[in-house]
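A.B. asks: Listed below, chain by chain, are the residues.
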Amino acid sequence: DVQMTQSPSSLSASVGDRVTITCRASQSISTYLNWYQQKPGKAPNLLIYGASSLQSGVPSRFSGSGSGTDFTLTISSLQPEDFATYYCQQSDSFPRTFGQGTKVEIK
Amino acid sequence: QVQLVQSGAEVKKPGASVKISCKASGYTFTDYWIHWMRQAPGQGLEWMGWISPNSGGTSFAQKFQGRVTMTRDTSISTAYMDLSTLTSDDTAVYYCARGVATPGARCFDPWGQGTLVTVSS
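Protein sequences appear in the order of chains A and B.
Note that this note's numbering has the first sequence beginning at 5, numbered continuously upward.
Note that this note's numbering has the second sequence beginning at 904, numbered continuously upward.
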């Protein structure tokens, strides 16, 4: 199974900050990497697919990059509605696997 | 709009089974696989398996082999996930999600709202 490791596990940031979350795969997954946002009590919501493609309707302050084993999710200017938990997920092979999540909290 | 609506919360005793439904609307049900995930309280996301609504074919994570069944009823655009021999470790929110596959990308979108399954004696 492909192990996905996110860092950090949590972070505190202020509105307007630039935030970067990293995801590392235990083996190369090309660009088969997705990012999801989850708010408390809600289902995950797709933000980025194929490592860098922005899902329709997602604000342009979200961006993704990377290939192979190392990936990044960047929020260019953190907004109040962005405080949530973010998960990376690989879709290169089965079983599909997720990172452990990064909780973004208000500073 | 594309939507997946799941059945309501369940409370089960250890050793029992649970069956959760996932009703699709807004797209052709047989064109996309349905995946199932779960999330234990305060924990991350765990993929359980998929079903092809077109063929009925399934594949499961090894952890759930022999204990999970996935079926579908194309006449009502609904997928089902049945988990047997429940223990307290199965207490979780269970999600269905549509599997989207395009050249260079495979992802889950959208997700159902989730179904809380509580296993307690």
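Just so you know, these hints were derived from the structure itself, not from any lab.
Among the hints, a few may not be true.
[Stated by the list, open to error] In silico DSSO-like cross-links for lysine-lysine, where the CA-CA straight-line distance does not exceed 27 Å:
(1) B:K915 / A:K46
(2) B:K966 / B:K915
(3) A:K46 / B:K926
(4) B:K922 / B:K966
(5) B:K922 / A:K107
(6) A:K46 / A:K107
(7) A:K107 / B:K916
(8) A:K107 / A:K43
(9) B:K916 / A:K46
(10) A:K111 / A:K46
(11) A:K111 / B:K915
(12) B:K966 / B:K926
(13) A:K107 / B:K915
(14) B:K926 / B:K915
(15) A:K111 / A:K43
(16) B:K926 / B:K916
(17) B:K916 / B:K966
[What the hints assert, rightly or not] A few chain A residues that don't get close to chain B, going by computed Cβ distances all over 12 Å:
(18) Q10
(19) P12
(20) S16
(21) R28
(22) S34
(23) T35
(24) L37
(25) K46
(26) S57
(27) S60
(28) Y91
(29) Q94
(30) D96
Using N, Cα and C, we set each Cβ at its ideal position, and we do this for glycine too.
A.B. asks: Against this structure, judge whether each hint is valid.
C.D. replies: Right, here's what the structure says about each hint:
no., hint, in the structure
1, B:K915 / A:K46, "holds, 22 Å"
2, B:K966 / B:K915, "holds, 20 Å"
3, A:K46 / B:K926, "holds, 18 Å"
4, B:K922 / B:K966, "holds, 18 Å"
5, B:K922 / A:K107, "violated, 31 Å"
6, A:K46 / A:K107, "holds, 14 Å"
7, A:K107 / B:K916, "violated, 33 Å"
8, A:K107 / A:K43, "holds, 10 Å"
9, B:K916 / A:K46, "holds, 26 Å"
10, A:K111 / A:K46, "holds, 23 Å"
11, A:K111 / B:K915, "violated, 40 Å"
12, B:K966 / B:K926, "holds, 25 Å"
13, A:K107 / B:K915, "violated, 31 Å"
14, B:K926 / B:K915, "holds, 22 Å"
15, A:K111 / A:K43, "holds, 17 Å"
16, B:K926 / B:K916, "holds, 26 Å"
17, B:K916 / B:K966, "holds, 21 Å"
18, Q10, "violated, 9 Å"
19, P12, "holds, 15 Å"
20, S16, "holds, 19 Å"
21, R28, "holds, 15 Å"
22, S34, "violated, 8 Å"
23, T35, "violated, 6 Å"
24, L37, "violated, 9 Å"
25, K46, "violated, 8 Å"
26, S57, "violated, 6 Å"
27, S60, "violated, 10 Å"
28, Y91, "violated, 6 Å"
29, Q94, "violated, 10 Å"
30, D96, "violated, 8 Å"
Comparing the model with each numbered hint stated earlier shows that hints 5, 7, 11, 13, 18, 22, 23, 24, 25, 26, 27, 28, 29, 30 do not hold.
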